[in-house]
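Colleague: Chains as they are written, first to last, in this note's numbering: chain A, -6 to 140; chain B, -6 to 140; chain C, -6 to 140; chain D, -6 to 140.
Where hints are given, some of them may not hold.
[As the list claims (entries may be wrong)] To spell it out: a stretch of chain B is covered by chain C in this simulated footprint if at least three of its residues, at any positions, have a beta carbon under 8 Å from a beta carbon of chain C; those stretches are:
1) 10 to 22
2) 28 to 38
3) 55 to 64
No wet-lab data here; the hints were simulated from the structure.
Values in this document were obtained by computation on a predicted structure and should not be read as measured data.
C-beta atoms are modelled at their ideal positions from N, C-alpha and C, and glycine is treated no differently.
4 protein chains.
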Amino acid sequence: MSAAGTAMGKPFVVTKYVRFAHCDPAGIIFYPQYFVLAHECKEDWFREGIGYPFERMVTADRRGFPIVKLDAEFVRASRLGEQLSFEVGVRSVGATSLKLSYRCVCGSEERMRMHSVLVMTDLDRNAPVPIPDWLRERLAGFHVGET
Amino acid sequence: MSAAGTAMGKPFVVTKYVRFAHCDPAGIIFYPQYFVLAHECKEDWFREGIGYPFERMVTADRRGFPIVKLDAEFVRASRLGEQLSFEVGVRSVGATSLKLSYRCVCGSEERMRMHSVLVMTDLDRNAPVPIPDWLRERLAGFHVGET
Amino acid sequence: MSAAGTAMGKPFVVTKYVRFAHCDPAGIIFYPQYFVLAHECKEDWFREGIGYPFERMVTADRRGFPIVKLDAEFVRASRLGEQLSFEVGVRSVGATSLKLSYRCVCGSEERMRMHSVLVMTDLDRNAPVPIPDWLRERLAGFHVGET
Amino acid sequence: MSAAGTAMGKPFVVTKYVRFAHCDPAGIIFYPQYFVLAHECKEDWFREGIGYPFERMVTADRRGFPIVKLDAEFVRASRLGEQLSFEVGVRSVGATSLKLSYRCVCGSEERMRMHSVLVMTDLDRNAPVPIPDWLRERLAGFHVGET
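Take these sequences, add in the hints, and give me the full structure.
Modeller: Set out below in structure tokens:
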């Protein structure tokens, strides 16, 4: 048990190639593409880790998790063809909000770290909605605490 | 009058910079970005030339113009910071379809040519709809014939 | 043997999800993203099928395969979360040029077809170079003829 | 004079449309596209405000300003066709680093705020280089202090 009384889980891990489309004229990832990749990882995590694919959430249930806040550090540049490993973990789950952390490494070398805050939203009313208990339970398995 | 009895108009012209985000590790436009740029030009044309902005068409009227066919030639590479001039013209207007031609030049040097075929669509029913007469009339002003 | 005396091979096949980043406000793939996906498939093919990863070709050998011509048909719309199967095949190999065909299906439903013509290029001199014999031999294994 | 003894300047302001390519299936800007737009604004600022276009910096002088850190708040969603106004200002200039702030509004409504830290880099050696005095002087005109 952590100090906060929440059992720890472990992050979802997925690997991605640095693609031609990600790279800029300097031959390295154009930084907004890190966020495109991080979103892909979140989709993979919801599909394979959480069992709630985005198409069910967005298209069928009309729910979304828009981002309201993020901070990121770009530790070292990533280059065409490198295989990056992304770890996605849950920092905390509020009534309607979800705090995530991402870490991106290439081998043992850290490349990028990100914290983000998302809010579960009714896409039709464009208003926050409570995170349902069944989703809260599944998210708990990926709880990594404040990182 | 052209052979087909349609008076000729002239293409809509707009300039775009080659942005950092468009360029690949070889320092030239990554070719899918030509299509992103061509779509931007089409949005500018609908807003400024046709007087029917995409947000009114897509968001309010739930109409779209998905592409069903295109061919393109990439004549010469375009580089970071160059100012490209795009010409968008109408080749013909059918009951539900619209044939366009694009030409992209940098100064006097041709860079890209594209032909595309679009179909006006009801986005909610995902079905073709007739192009309304008022739109047909506005499109006629940009008629350039088969190019 | 085909009429042209070239033994037939078979296409490289790879699957891709329709990602959130690919979709437009109409909820379907924004068409330039098909070309981004097709490029990803070409990278996968060069890495896994041909054994000549893009980072070796572009970064180490300073060779590229810019596209000079393409035509594409968008048969049906693809939606968020769908799993698309791309087939990449070789139509023919010239002295410096390579003709490819792509076919994208979802289950048994065809979504997109594309033909492209590429030219092998010295990226530093920006000039065509002959396709080396060892690469020509590897490409032959994916020969599908004119499609 | 500010407390730090630096005269205040004013931010560079530029407007951008929310394009079809920026929007997601929920009909709002896909958040990584805010960073693509912010980079466009930085390019416009360097070209029109600073007088040092990116193509001269990157292509000719082989200098870049990779981002090492950022934080951002997404205050309200932005929708297709809206005209966004971006303000780019300098928070401070160090030996090799540059701290910027971005603010994006639509009319009087705030949409996004970002702070970023960049480091001037020799792209060939991939190492930090001092910001030259002439550039430092030009940057001073856009000094907005800590925001």
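Colleague: Please count how many residues of the stretch 28 to 38 of chain B have a CB within 8 Å of a CB from chain C and say whether that reaches 3.
Modeller: holds (count 3)
Colleague: Counting residues of the stretch 10 to 22 of chain B whose CB is closer than 8 Å to a CB in chain C, do you get three or more?
Modeller: That given contact holds, which follows from 3 residues of the stretch 10 to 22 of chain B lying within Cβ reach (below 8 Å) of chain C.
Colleague: Counting residues of the stretch 55 to 64 of chain B with a beta carbon closer than 8 Å to any beta carbon of chain C, are there 3 or more?
Modeller: holds (count 7)
When held up to the earlier numbered hints, the structure conflicts with none and fits them all.
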